[in-house]
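A.B. asks: Hints in hand, dock the two standalone chains.
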Amino acid sequence: MNRFPFSAIVAQDEMKQALLLAAVDPAIGGVMVFGDRGTGKSTAARALAAILPPITAVEGCRFGCAPTDAGTCPDPCTSKKTAKRAVPFVDLPLGATEDRVIGALDLERALRSGEKRFEPGLLAKAHRGFLYIDEINLLEDHLVNLLLDVAASGENLVEREGLSVRHKAKFVLIGSGNPEEGELRPQLLDRFGLSVEVRTPQTLDARVEIMRRCASHERDPAAFGEDWAAADAKIVRRIARGRSRLPTVETPDEVLYDASRLCMACKADGLRGELTVMRAARAQAALEGADTVKRKHVIAVAPMALRHRLRRDVLDETGSTTRIERAVAEVFG
Amino acid sequence: MTTPPASPAAEDAALALRAFALWPAGFGGLWLRGPGPARDALVERLGSTVRLKRMPAHIDSERLHGGIDLAASLAAGRSVLRSGFLEEARGAIVLAPLAERITASLAGSVAQALDHADTAERFGLVLLDDGAEHDEVPPLSLTERVAFACDLGNAAPAGFDATELPAPLASPAEIPVCSAEGLEALAAVSLALGVDSGRALRFAALAAGASARLAGRETVRESDLAAAARLVLAPRATRLPPPPPEDNAEPPPPPPPPQDSDADTPGDEEQEDNGKPDPDQLIEAAAAAIPPGLLEALAAGRTRRGAGSGGGARHLSPLRGRPLAARQGLPRGGARLALIDTLRAAVPWQALRRAEGDALTGLRIMKDDVRVRRFEARSASVTIFAVDASGSAAFTRLAEAKGAVELLLAQAYVKRTEVALVAFRGSEAQLLLPPTRSLTRARRALSELPGGGGTPLAAGLSMVCTLGTGLTRRGYTPLLVLLTDGRGNIALDGGTNRATATEDAMKAGRAIATAGLAGVVIDISPRPRPEAAAIASAMRARYVPLPQASAATLSKVIGALT
Chain G
0 MNRFPFSAIV AQDEMKQALL LAAVDPAIGG VMVFGDRGTG KSTAARALAA ILPPITAVEG
60 CRFGCAPTDA GTCPDPCTSK KTAKRAVPFV DLPLGATEDR VIGALDLERA LRSGEKRFEP
120 GLLAKAHRGF LYIDEINLLE DHLVNLLLDV AASGENLVER EGLSVRHKAK FVLIGSGNPE
180 EGELRPQLLD RFGLSVEVRT PQTLDARVEI MRRCASHERD PAAFGEDWAA ADAKIVRRIA
240 RGRSRLPTVE TPDEVLYDAS RLCMACKADG LRGELTVMRA ARAQAALEGA DTVKRKHVIA
300 VAPMALRHRL RRDVLDETGS TTRIERAVAE VFG
Chain W
0 MTTPPASPAA EDAALALRAF ALWPAGFGGL WLRGPGPARD ALVERLGSTV RLKRMPAHID
60 SERLHGGIDL AASLAAGRSV LRSGFLEEAR GAIVLAPLAE RITASLAGSV AQALDHADTA
120 ERFGLVLLDD GAEHDEVPPL SLTERVAFAC DLGNAAPAGF DATELPAPLA SPAEIPVCSA
180 EGLEALAAVS LALGVDSGRA LRFAALAAGA SARLAGRETV RESDLAAAAR LVLAPRATRL
240 PPPPPEDNAE PPPPPPPPQD SDADTPGDEE QEDNGKPDPD QLIEAAAAAI PPGLLEALAA
300 GRTRRGAGSG GGARHLSPLR GRPLAARQGL PRGGARLALI DTLRAAVPWQ ALRRAEGDAL
360 TGLRIMKDDV RVRRFEARSA SVTIFAVDAS GSAAFTRLAE AKGAVELLLA QAYVKRTEVA
420 LVAFRGSEAQ LLLPPTRSLT RARRALSELP GGGGTPLAAG LSMVCTLGTG LTRRGYTPLL
480 VLLTDGRGNI ALDGGTNRAT ATEDAMKAGR AIATAGLAGV VIDISPRPRP EAAAIASAMR
540 ARYVPLPQAS AATLSKVIGA LT
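Protein chains in written order, with numbering that gives the first Met the number 0: chain G, 0 to 332; chain W, 0 to 561.
Chain W extracted, bound-state conformation (with noise of 0.2 angstroms):
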């Protein structure tokens, strides 16, 4: 019926790409990760049998709802109206090209379109995402109501104009139901994976169904149940299932398509007449489809797009960042003029303020109608802790870092900071919390912070100096906290030659340097000793020996020092 795509990443692609065409509105759209041609093609595909309209990312509010169309009416004397981008976009497939840079309040909107109750006025949409890190992700409440995920990456085109797309179905009722035992086995994958969405076991069960009736079946097989898992489940898993596949703590962070994804997937073919599915395959097969660098993704702040755009992450500025729509007020303060809607403001009540009033000629414009210039910056600082979880001098004093965490967390939202805490022990360092204001995700990650094991002094360090760069990059501040003995004695290479280990350390000790971050180091140890002060000056930063540092005073000297 097809041609066979080339990579198991670009077949699953096609698939749900098919399905997505069966029912436009039902699955709510695909998600397309990985910026390469494989992805153009796709979308190609797409666009030769429906609608297809692009949103750009900076469409303003106007144009998404509609609404009078200022400058047309004032030119023609009337009112002129002009239809939204959401009511134009009915019944086609909104394409939306740099889905990770959509910001929150647009993703609302759509969000609300997408949600709508009759099937029929709503549209499809597909994400195109081209951001490179793992946090760079469209928003969640848009990757949440879209059904299938596919990361492209940059692969080449793969026969996907060859792709037969199936017509729309005429009702719903139309793609086959899954068995008790199917969607029992969906729901055990979903369990495993940690998917808590009411929507994700939605499309799964949909997709399901959609794969049998692709391949031309009423009833829904085990291969069907394997493919809803992996297109729908997988991409949303928050957790490994419980016995852990080997192969899955790879930390590098671009991430590469998922090219072993068909490794362990049971051979659909043989297994089509089982009758029974097994729940246990199926969390395996799903478990291995799950994108390289998802779970890194998770730790390294699945919600960082949310809460960025959230609480506190930004603030208003009169002077600079990204420009918001301009609010009534004087300029003063700081804040500039916005002549262009001062005079929007005005214009409509010209013919008002002319018939009540003085003689003169010209705008008016009253107080009223003066606006300011308001624009989005991100805050200033994130003070990234670095905590030496080892076995040695540093494992009783993780309480007190932990402590002192937690206070600078509760007064971050006054002094508009965030905090990011990596840990390092046994053989590597871990992100453990991303830069947050979220007491909730905070606190968890705290707790579930173990301790013991060697000291990668030098894995830890270059991890903070990757996250340091990386924000300085997104205009952030970052300070950092390093708290440790300073005695490293696992290498970069997971070797325990403690001079190797030594090297190492001081080479990323210098290299965050090199990087003109700032940061204090803190010595924990309970007689202060050469090796955290060479460390300190490697890295350019102050050295506080502090043998009995408890909580409180752990936050104070940091509170002094930021």
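Excised from the complex, chain G in its bound form (with noise of 0.2 angstroms):
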């Protein structure tokens, strides 16, 4: 088990700095990923996921509660020993059932012992990490109106087949998706916090230098583990600095004028944009070690913010990330 080192990913640079922020705030709200195949969207949240430090978990619980929330959920755990465990990483497939997802009753128990109980999904193994899920637009609608539900309010309730269940569930979503292959609702996707468009570098140099690290990680993944640990190390500091600092980082009104006014010239619909650019500009502050929010923050974090969140104009040919720059230099001069 040996995951691409996430420091070793070429270029990418926006996808990896939303990637972080997300992390360091999971209430930004999830990442949509704009991009062909085989651009490292995947390999990307794997990597993060992986290497964060290790949660600590009520032991057996099967619901992943934190110590502190020990025997919130519906089990529930009495364990007095806790256990670490790898920050969860769940990958929803496509053809993912809503039992699978939202977890049902387990039929096991009913059958042997006519014992009702609940048996966990995908939601309740995806707390406290990410949940993955490429191509979204391809996801049946009320899948994804079910899977944003939970990730906004931190917590999946169950009302079907006699069951009656809430836990918690709280993580990092990320989806990706090829927009050529069928576009998500605009209502869906304004729910999502950032959004970022990657493509393969189009250099000569980026591309073997790709080529060269696949190839150095096929030959020996613990060697080629080693020699990203470093930078990979200092990722995580960045997060665990950014995550500790959040709380205390203040916000200036100044700042949210210059938010308020940048989706106003943007003309993005929907409150939620302001909302995410102070999140996210604060996230990026804390992850930069920053007191308190600039407004370098808030430009820096503009595009991811309000990208997908612009009200399309079908005759308008520029790309929303213009757009984004276009307002950015009007504001702000």
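Derived from the structure by calculation, the hints contain no laboratory data. Keep in mind that this is a model prediction, so the values were computed, not measured. Treat the hints with care, since some could be wrong.
[Unchecked claim] As a list, the in silico EDC-like pairs of lysine to aspartate or glutamate whose alpha-carbon atoms are at most 16 angstroms apart: (1) G/Lys115 x W/Asp367; (2) G/Lys115 x W/Glu355; (3) G/Lys115 x W/Asp368.
[What the hints assert, rightly or not] Pulled from the structure, derived: some chain G residues nowhere near chain W, Cβ distances all over 12 angstroms: (4) Glu13; (5) Lys15; (6) Gly39; (7) Pro53.
Cβ atoms here follow ideal geometry from the backbone N, Cα and C, with glycine treated the same way.
C.D. replies: Shown next, in the form of structure tokens:
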């Protein structure tokens, strides 16, 4: 089990940045990655989950309860012992049924002992970790809805098959898809916090580097991991610093005004844009080790926080990134 | 070492087969197109050394992932677990017949297993693709994850039984690594062909090494790089390299076997000791190996299947279509009761309900157990725009036609329709936009639509006719919208005789009428003339003269007709 190291991914800086922000503050609300296949989307997400320090959970808890939450899950977990487990990374397959995602009646128990017991699904498994959905644009709408609901509320509420269960499910939702194969409905898109566009680098050197690193990784994953361990450790430290700093980062009023003016200039629909810009800017400041949010943080996160919220104008050929850059130039000069 | 197989295509297929056998988990698999006996021979050869497992295209998710076997559990009175197909397939080679029919959801699960972090847990995948049309291909998520693609067409078996399969390597480190120049050359090929996937890059480098290893060498030579470019990069090409070879724009739909793939391939043997590989030559070799019809397939919707199974080309229907898993709900609003699923949902609860309650005998079925059937039906309508982009009067109208297509597309997801765009100008017609609801693609296709040249009306009409009948076969209802001034001046054979051109156009128009395709002809010449009306009557389509059409009025007219 040797994952490709996070820092060994060539280029794709914006995607890596968005993932780091989401890792610092999961409340940002998920990352949507647009791009072709084979651009390192899932590699990056998996790699990030793999380098994060293990979480502490109540021993044997099927819902991954943190020790402070012990006993709050439907089981409920009673063990006094705790155990370390790796940060969960759940890869939701396209064909997953509702049962598998939200959980269902434990058939085995029901058959054997006539006992009504809840069998946790993928959402419970992803608690305190990452939920990755490839080709989210091909997923059935009702599932996407459900996932976004749970991601936003941090709680999975099951009311079906005579079961009435609720349990915590806090995770970073990462969706990916290629807009050329069908689009996600704008209402659903809007509920993602950040969105980034990825493309394989178009320069010769970068491509050679990709091939070289893949080959080294394949030949000797362990040695390749060692080579990048220091760089990965640095990223882990940055995330840890960001997380501990986040609650104390101050947000001055003028930055709030900046964010609002920017959203107005972009004609971003709804209030989510402003909120996400603020959250992401705070996370960005925390990640950089700053004490207060500054305008540069807002500018740094604006494209990924707003790109997918711009109203689509069929006759305007300009890409959304350009429109945001234009708005930034307009508002901040 | 091996008896030389008959054709270069078969030779490449044999090489791909041997490279794949070296490290099945690393290469992911093979995509074998064409239902001929050559393919069967190849599969049989593979089966003689490794364990093959067949995966039917209709396998359900329970069988795929395993779990509790309900029937056996009930009979035995204890829970009986059944292993899943994906689990059983570990370390084997999975054969996927009818790969072009694999659904996106099955492909998703299989793709996930192919991506497993631990290569020992993975399996090799052989996609047996019987697709006849360009756009009938296996899901992209699978073709992306298998290294090699070979089109064997209907070729006769060609010495595959004599192909010597190497034993799997103990460690991937035994595969030689490309030199820096070699990697650079492969990167240059990938850029020139517009191959943008990191996986393709990885496969290409690996394939070059495998080719060297199979030849018993420790260093990767130019011939190995050329083989990698042919086998891995060429089938993934999305564009032709900058100086386009002239023999590549033939549009016959059925893909013939790539016979001329070696014609321009630099002779491998002579160049082996040149030292530094020449990227230009590699690009040329790879371009020559691009399967004929591939680029047309791209134009005709590389992503057709993805798009088809995606955001809205399909919709749920309570009454007809492909059956889907039953869902909880009451049988009303046209939905029908799914009896078996209802019973299945109720059965596990019987012990509990009996313990809880009343003295009734028999099954206790509650409202929560009730399941209804669901089906997936193809969406109903596709509007095909055929735009006259010739140099005549239509030229000034091109912008308006573009605008109208975009306006309609914007409404597409409300009205559940799709839009396709055919343009004809110069000497031929072109399918610029296969049926789609993707704004991104539509906008790009439209912005690239050039104007000027002659009016090959006949070619345009016959392409629309082919497209329309194809769509009807697949369960769509096409509506043709022809924007022209009706003055065709290029005949089907490319001649400029106006009389022949008109005759051909009328013939094509009558073919459309015979096929029973509904349509409307919009006359966009500044002064309406009889020609366009004549075409309309040949097509048995409505004729709308629209001398002052703007994008908005056009879309209103079409909207009123649909």
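A.B. asks: Give a verdict on every hint.
C.D. replies: Now for the hints, and whether the structure bears them out:
no., hint, in the structure
1, G/Lys115 x W/Asp367, "holds, 15 angstroms"
2, G/Lys115 x W/Glu355, "holds, 12 angstroms"
3, G/Lys115 x W/Asp368, "holds, 15 angstroms"
4, Glu13, "holds, 16 angstroms"
5, Lys15, "holds, 15 angstroms"
6, Gly39, "violated, 6 angstroms"
7, Pro53, "holds, 17 angstroms"
Hint compliance for this structure: hint 6 alone is broken.
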